[in-house]
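Each chain is listed here by its residues.
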Amino acid sequence: MNAIEVRGLAKKHGSFTLGTLDLNVRQGYVTGLVGPNGAGKSTLIKLLMGLTVARAGEIRIFGEKMPEQEAGIKARIGFVSEENTLYEHLSIDAMRSIYAPFYRRWDEQTFRECLHRFELSPRSRIRSLSKGMKMKLSLAFALSGGAELLIMDEPTAGLDPVFRREMLDILSGLMLDENRTILFSTHITTDLDRIADYIVFLDQGHLVFDSSKEDLFDRYALIKGDKEWLDRDVRQAFVSIRETGAGFEGLVRDRGEALRMFGEDAIIETPTLEDIMYFTVRGERHRAESRS
Amino acid sequence: MLNLVRKDLLVLRWYYLFVALYALLFGLIITKGTFMLLGALPAVMMLVIGSGLELKNRSLVFIGSLPVTRGQIVRARYATALVFTAAGIAVTVIMNLINRYALGREHGFSGLMIAFIIGIVLFFSAIYLPAYYWLGSKGEHVALGAALALIVLAAFVMSGLLGGIYGSGYELGARLSAWPPVALGGLVVAASALLFVLSGCISYRIVRSKDLGT
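Chains A and B supply the protein sequences, listed in that same order.
Counting in the numbering used here, the first sequence runs from 354 upward without gaps.
Counting in the numbering used here, the second sequence runs from 2 upward without gaps.
Chain A with its partners taken away, still in its complex shape:
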């Protein structure tokens, strides 16, 4: 079952065009939205949240249409923005008194527990908090509203490694509740290696893949070998290739075909998400340059 279904979604913003996109976010799983800077991750998240108006397409969340049913849908979503959008001059407690009445399922005990866990004092002014603390506060708000779906835009960006790890642990803990779904964008692929079940990869506004992490690691392969093997036909089998003085390494989409092509001669490894992202973006850029 899908928490989010996107069909034919398109958006134009200045010279940037997103889409046309078709993708699903499965209920009960963590989906990582990944892509280089400017890929359209934040635009997609804003479209999902109804913050941005689509040029075309349809978004359904919990089976209901956005933005037609937006108030009801957003009551079930906890949103964490990339940048702080809370009122900086207010204290945490004052912000809570503004935020909580919007959510019928607001759980004061959860909020207090989150503050305690995140070492946030209700009397602290929001402007006095570090970026990491503000992100934790946003998360505390999102969790206390009884959200079934958490949508987070770059929640780990700009955080130090300790904070980042802690944030990911918190998200992993949340997934013990099987009804909860998390969609979060990042360009730090190691975050996804840790907690994501599904990966949606965007590049230059286009969907490269929407797939389970296991499936990706089963399908893709990183090949390392001698440059002499790289004839025209072989090159075409690769997403892209990086050549060095010692040889080459390249990404293929079909591990089986790579095995048939290179046999035991080449080193065939399972790529990391970063490898997949790097070679895919590099390949797209190279093809775009060749066309122009």
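Hints may be right or wrong, so weigh each one.
[Stated by the list, open to error] Stretch by stretch, here's where chain B covers chain A in the computed footprint (C-beta under 8 Å, at least three residues): (1) 392 to 405; (2) 428 to 438.
[Unchecked claim] The calculated lysine-lysine pairs, modelled on DSS-like cross-linking and capped at a C-alpha distance of 27 Å, are: (3) B:Lys211 / B:Lys57; (4) B:Lys211 / A:Lys365; (5) A:Lys566 / A:Lys577; (6) B:Lys57 / A:Lys487; (7) A:Lys484 / B:Lys57; (8) B:Lys211 / A:Lys418; (9) A:Lys365 / A:Lys418; (10) A:Lys365 / B:Lys57.
[Said to hold, decoys possible] Covered stretches of chain B, going by a simulated chain A footprint (3 or more residues, C-beta under 8 Å): (11) 6 to 12; (12) 66 to 76.
Keep in mind that the hints were calculated from the coordinates and are not lab data.
Here the structure is a predicted model, which is why all the values come from computation and not from measurement.
We treat Cβ as the ideally placed atom computed from N, Cα and C, and that holds for glycine.
Take the given structure of chain A and dock chain B to it, following the hints.
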């Protein structure tokens, strides 16, 4: 929608002190010729400060993520403007009562003055809010400048009208002085209310098709 109005009021919590100080200064100490603006300016100030805080904190993104519709966001902002108008009138009435009964001073306070306060605030809101939603953070100052220029013009004209009615204003004011004050006040309130409602419709059309927080 009530939660959004409540939000608008709570966000300004510390700024009410400035309004109180302003009311004390211009309601009790420097009172000459300021009584109409005494009510109108705090309402305008609160509306502008609230919008400014929203832009400064990029809070339209926060508001847009709440379980509310865009229509509710716009309606709430206009409802808040009405609350501020009521607050402005309350300040004027209270200061007038203090002046009259505690300090023994008269300022020509009347129902017509209240109608003009309503007129100024609604007129300002009707100009400022669509410009605010349309121009966003990039043009907040333009929106504010244009609206303030218009409000000063409106206040000037209304002062003229009041002056005319009390024998020291323009010819138009003198002519309008023939009108019963209830009719003139009603005309001012009705015209500004009509503009206010039209403005609300325009703001909704702008917000409906706009990316929030830009």
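Outcome of the hint check:
no.: 1; hint: 392 to 405; verdict: holds (count 5)
no.: 2; hint: 428 to 438; verdict: holds (count 7)
no.: 3; hint: B:Lys211 / B:Lys57; verdict: holds (18 Å)
no.: 4; hint: B:Lys211 / A:Lys365; verdict: holds (13 Å)
no.: 5; hint: A:Lys566 / A:Lys577; verdict: holds (22 Å)
no.: 6; hint: B:Lys57 / A:Lys487; verdict: holds (16 Å)
no.: 7; hint: A:Lys484 / B:Lys57; verdict: holds (17 Å)
no.: 8; hint: B:Lys211 / A:Lys418; verdict: holds (19 Å)
no.: 9; hint: A:Lys365 / A:Lys418; verdict: holds (21 Å)
no.: 10; hint: A:Lys365 / B:Lys57; verdict: holds (26 Å)
no.: 11; hint: 6 to 12; verdict: holds (count 4)
no.: 12; hint: 66 to 76; verdict: holds (count 7)
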